[in-house]
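Start from the sequences and build out the full structure, keeping to the hints where you can.
Residue numbers (my numbering), protein chains in the order written: chain C, 1 to 437; chain G, 1001 to 1444.
Calculated from the structure, these hints are not laboratory results. Be aware that one or more of the hints could be misleading.
FRET-style restraints, in silico, Cβ to Cβ [claimed, not checked]:
hint: 1; chain 1: C; residue 1: G243; chain 2: G; residue 2: D1148; range: 37 to 43 Å
hint: 2; chain 1: G; residue 1: A1437; chain 2: C; residue 2: D149; range: 23 to 29 Å
hint: 3; chain 1: C; residue 1: A352; chain 2: G; residue 2: T1080; range: 17 to 23 Å
hint: 4; chain 1: C; residue 1: N183; chain 2: G; residue 2: G1038; range: 50 to 56 Å
hint: 5; chain 1: G; residue 1: T1191; chain 2: C; residue 2: K76; range: 56 to 62 Å
hint: 6; chain 1: G; residue 1: L1387; chain 2: C; residue 2: D149; range: 41 to 47 Å
hint: 7; chain 1: C; residue 1: E251; chain 2: G; residue 2: D1148; range: 23 to 29 Å
hint: 8; chain 1: C; residue 1: E337; chain 2: G; residue 2: R1023; range: 43 to 49 Å
hint: 9; chain 1: C; residue 1: K76; chain 2: G; residue 2: L1444; range: 37 to 43 Å
hint: 10; chain 1: G; residue 1: T1080; chain 2: C; residue 2: E251; range: 48 to 54 Å
hint: 11; chain 1: C; residue 1: D348; chain 2: G; residue 2: E1188; range: 40 to 46 Å
hint: 12; chain 1: G; residue 1: T1080; chain 2: C; residue 2: P234; range: 50 to 56 Å
From the three backbone atoms N, C-alpha and C, an ideal C-beta is built for every residue, glycine too.
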Amino acid sequence: MTAQPAPVAETGYPWPIETARLDNGLRVVVSEDHTAPVVGVNLWYDVGSRHEPAGQTGFAHLFEHLMFEGSAHVAKTEHMRYVQGAGGNLNATTNPDRTNYFETLPAEHLELALWLEADRMGGLVPALTQETLDNQREVVKNERRQRYDNVPYGDAWLRLLPLLYPPGHPYHHATIGSMEDLNAASLETFQAFHAQYYAPNNAVLTVAGDVTPAEVFALAEKYFGAIEAVHDIPAAPHGHLSGPATAPASETVVGNVPAPRVYLSHRTHPFGTAGYDAMTVLATVLGSGRGSRLYQRLADGARIAQPDYIGSYGVDLAHAPAPLIVTATAKDGVDIETLTAGVAEVLDSMAAEPVTDAELDRAKALLTTSWWRQVSTVAGRADTLSRYATQFGDPGAAAYRLPQWLAVTAGDIADAARTLNPESRVTLTYLPEGDDK
Amino acid sequence: MTLVATRPEPGDARPYTFPGIQRLSVAGGEVVAAHMPGQLLATATLLLDAGAAYETIGREGTAAVLAKSLEEGTATRDSTAYALALEGLGAELSASVDWEAFRTGVSVPVGLLPRAVALLAEATRTPRLDPADVERVRDDEATALRMDWAQPGPQADAALRVSLFEPGERYGRPLHGDPESMAAVTVEDVTAFHEAYLKRPGVLLVAGDLDKLDLRELGEAAFAGTSGAPLPAEGPLDVPVSPARRLILLDRPGSVQSTLRLGHRAPERGHPDYVPITLAATVLGGAFTSRLNHLIREVKGYTYGIRADFAMSRRFGRFGVSSSVQTAVTAPALTDTVGEITRTQQHGVTEEELTVARTWRAGSLSVDMQTPGSIAGALATLVIHGLPDDYYATLRRQLLEATAEQVSAAAAEHLHPEGLTIVVEGDAASIREELVAAKLGELL
Chain C
1 MTAQPAPVAE TGYPWPIETA RLDNGLRVVV SEDHTAPVVG VNLWYDVGSR HEPAGQTGFA
61 HLFEHLMFEG SAHVAKTEHM RYVQGAGGNL NATTNPDRTN YFETLPAEHL ELALWLEADR
121 MGGLVPALTQ ETLDNQREVV KNERRQRYDN VPYGDAWLRL LPLLYPPGHP YHHATIGSME
181 DLNAASLETF QAFHAQYYAP NNAVLTVAGD VTPAEVFALA EKYFGAIEAV HDIPAAPHGH
241 LSGPATAPAS ETVVGNVPAP RVYLSHRTHP FGTAGYDAMT VLATVLGSGR GSRLYQRLAD
301 GARIAQPDYI GSYGVDLAHA PAPLIVTATA KDGVDIETLT AGVAEVLDSM AAEPVTDAEL
361 DRAKALLTTS WWRQVSTVAG RADTLSRYAT QFGDPGAAAY RLPQWLAVTA GDIADAARTL
421 NPESRVTLTY LPEGDDK
Chain G
1001 MTLVATRPEP GDARPYTFPG IQRLSVAGGE VVAAHMPGQL LATATLLLDA GAAYETIGRE
1061 GTAAVLAKSL EEGTATRDST AYALALEGLG AELSASVDWE AFRTGVSVPV GLLPRAVALL
1121 AEATRTPRLD PADVERVRDD EATALRMDWA QPGPQADAAL RVSLFEPGER YGRPLHGDPE
1181 SMAAVTVEDV TAFHEAYLKR PGVLLVAGDL DKLDLRELGE AAFAGTSGAP LPAEGPLDVP
1241 VSPARRLILL DRPGSVQSTL RLGHRAPERG HPDYVPITLA ATVLGGAFTS RLNHLIREVK
1301 GYTYGIRADF AMSRRFGRFG VSSSVQTAVT APALTDTVGE ITRTQQHGVT EEELTVARTW
1361 RAGSLSVDMQ TPGSIAGALA TLVIHGLPDD YYATLRRQLL EATAEQVSAA AAEHLHPEGL
1421 TIVVEGDAAS IREELVAAKL GELL
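Here it is as structure tokens:
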């Protein structure tokens, strides 16, 4: 049978986009949609863990926590109370590239969100105390314990990064940082961090939903207009790498894990490039869904991998070649050598065996649904526009991603696959205690 | 530089609306649909009265194995052909089980929904259930559960649950079973469960742009070849509460955190106090600014997060608190937690706290319900609990109108700090003495 053709997408962003720039450099993006009485407010600051110098790992993320602890006109804990008290939800995340802050509220509370965001952009330093820093340092250390240290395989990402990127590279260390560096952090360092990076000219503000552009531009001027630009913001250490890794790297972890697991990884191309688009489609063909090669060959065929723990995905980083990660976990009685050889064989098949039309159509259909799901909420839309404005200088570029995925050919995938050779491969292996021979 | 010093007032509130609901009886079943004009994606969920409550004791996990086996081929195509057909539409089958329902669902661009629903029905109604496949899926599920149970949490959850119910009660066992009960599931268990519960018509929930969908066509596909009447509904259970606190310590040697679970029984979802109970839990441990999160995370720095809620299903409910705290502060964190529950039970909530809880819960009805998937979930709540089409507008009004007296009364009646079971999963050698000394409850 023939697979169904993926629906034709002329654009991945069929909503209006309007932009403005305040005199202080703040870029403001508005996407109007009156379908639901809600508004998504999103700020991307162009600062992430890639900006952190040696000895200050984890600072960008700890700083994200401090942004919820009060500012010039907002007392400690009031930020959350005001947003939830308005019926909204909120959060923030930090990754190697950037830090984002976002909230979704009933539309009549737009002004509250802009006031809160402006107050912590322009007025955080006077409110920042040693007590707050000490408390949030403990919260972050608990976050590290809960998400990475106390969970089987939880530290895989922390171990992959230094294997993928050389010392000194901005992606070499993980965003969560080290306990030692966090312990050494002083209040003055954080005050300086804010003064340096939390500037209107280093941020994009996006509002999506039940609003008009004129209203948002006027409110942005009212609340953010007085915040002064910061000149000479230092760039992150450059992420240039002269091509793929030239030697394989591997690490084996013996620990409290229930079954052998392997991660194979390569650094590929930066997010947003044609090469990375090909890699995104390749990853979907390879490891997304029951129709994927990994599932069909290792879970269903050879039956050496647990079906729920198969995956291949890119990590969408834009400032250096981004990682592709392929993983599988052994079924009972399957040893790590068999599993690793099996995963490597399927990965290598992406170059050796041309991708069929049915495989390609399946992958594109899945990517199409996942794209529309991502932009189905005002929060998802606002975050997407902030990303493209920050990383590519144009929120409208968001419209191209889906069509560019759909334009990827079998030949593109074969070209991409040929770069994933064993000579540049990172292998991270987990073995249960007692399995190490 | 001058920042605006005063907090702005809200603008005019937009009127609250839930998508218009259409109901249609067709082919022996019912379609319940919500109209979301302009939505590019659409969701369809087949809601069947086939929850885990029907599983045999000792074979918990039967429905989960069945859910996973649905995609191992159908009467007309093998598993590979099925995966390619479904994923070729951009759809993946979500199959899930809770206490009261078995759900299979798909989300796709709206024009593809009819074909996706036909495939959804094919897998749900006519799975191949080849014995060798079912056994393999069962083994994989048992392995996956062992993987899951290797993480902190599931064992503590199970220890709490079993303490809240009588021996032999299905609800005292984990919803999806444990690694042993999953491994004990037989092919006959799975085929019998399918035969008994998945061949009745059930309800098809649809959320999306109904101008582009033919509900009759979707219903006919979903209910083709089905038969049987709805099963009789059983009433709510009593709410027994232990006369004294109990403490259960599960050893997790070397753990850098202690996983905490505290809980007791509570009323069912249909209880008239549902709204004040929900608001009381929001003040205690639901919102970020809740009493528990404020004290344990923001003031003490013991944890990355802590939450309390009432999980309420059709026949029973349970009050629960969950958190992970660093090992060294296990006892003080528990003492503080029990202290906040007691304070809330004895002295109720303040108007200031309730203001946040009310508007947050009411606002969430708009903020959390933007997508076809979330609206389909809301429709399922209406069907499972027999609620009217205007329920969400009514709920919103009730949330906004609840008084501090009502919510404090609900906290006084439905919180039982003296009847809590406290489960600690952590490094017993480091914490046992201190836990006993803290006199939190009798160590079992």
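Against the structure, the hints come out as follows:
At roughly 40 Å, the beta-carbon separation of C:G243 and G:D1148 lies within the given 37 to 43 Å, and the hint holds. One distance hint, 23 to 29 Å for the beta-carbon pair G:A1437 and C:D149, holds here, with the actual separation near 27 Å. In this structure the hint that C:A352 and G:T1080 lie 17 to 23 Å apart at CB holds, the actual value being about 20 Å. Between C:N183 and G:G1038 the beta carbon distance is about 52 Å. The supplied range of 50 to 56 Å therefore holds.
A hinted range of 56 to 62 Å for the beta carbons of G:T1191 and C:K76 is consistent with their spacing of about 59 Å. In this structure the hint that G:L1387 and C:D149 lie 41 to 47 Å apart at CB holds, the actual value being about 44 Å. For C:E251 and G:D1148, the Cβ-Cβ distance of about 25 Å falls inside the hinted range of 23 to 29 Å, so the restraint holds. Our hint of 43 to 49 Å for C:E337 and G:R1023 is violated, since their Cβ atoms are close to 58 Å apart.
For the pair C:K76 and G:L1444, the supplied restraint of 37 to 43 Å holds, since their beta-carbon distance comes to about 40 Å. A hinted range of 48 to 54 Å is violated for the C-beta pair G:T1080 and C:E251, which are about 35 Å apart. For C:D348 and G:E1188, the hinted distance range of 40 to 46 Å is satisfied, since their beta carbons lie about 42 Å from each other. With their beta carbons about 54 Å apart, G:T1080 and C:P234 fall inside the hinted range of 50 to 56 Å.
Hints 8 and 10, counting from the list given before, are not met by this structure.
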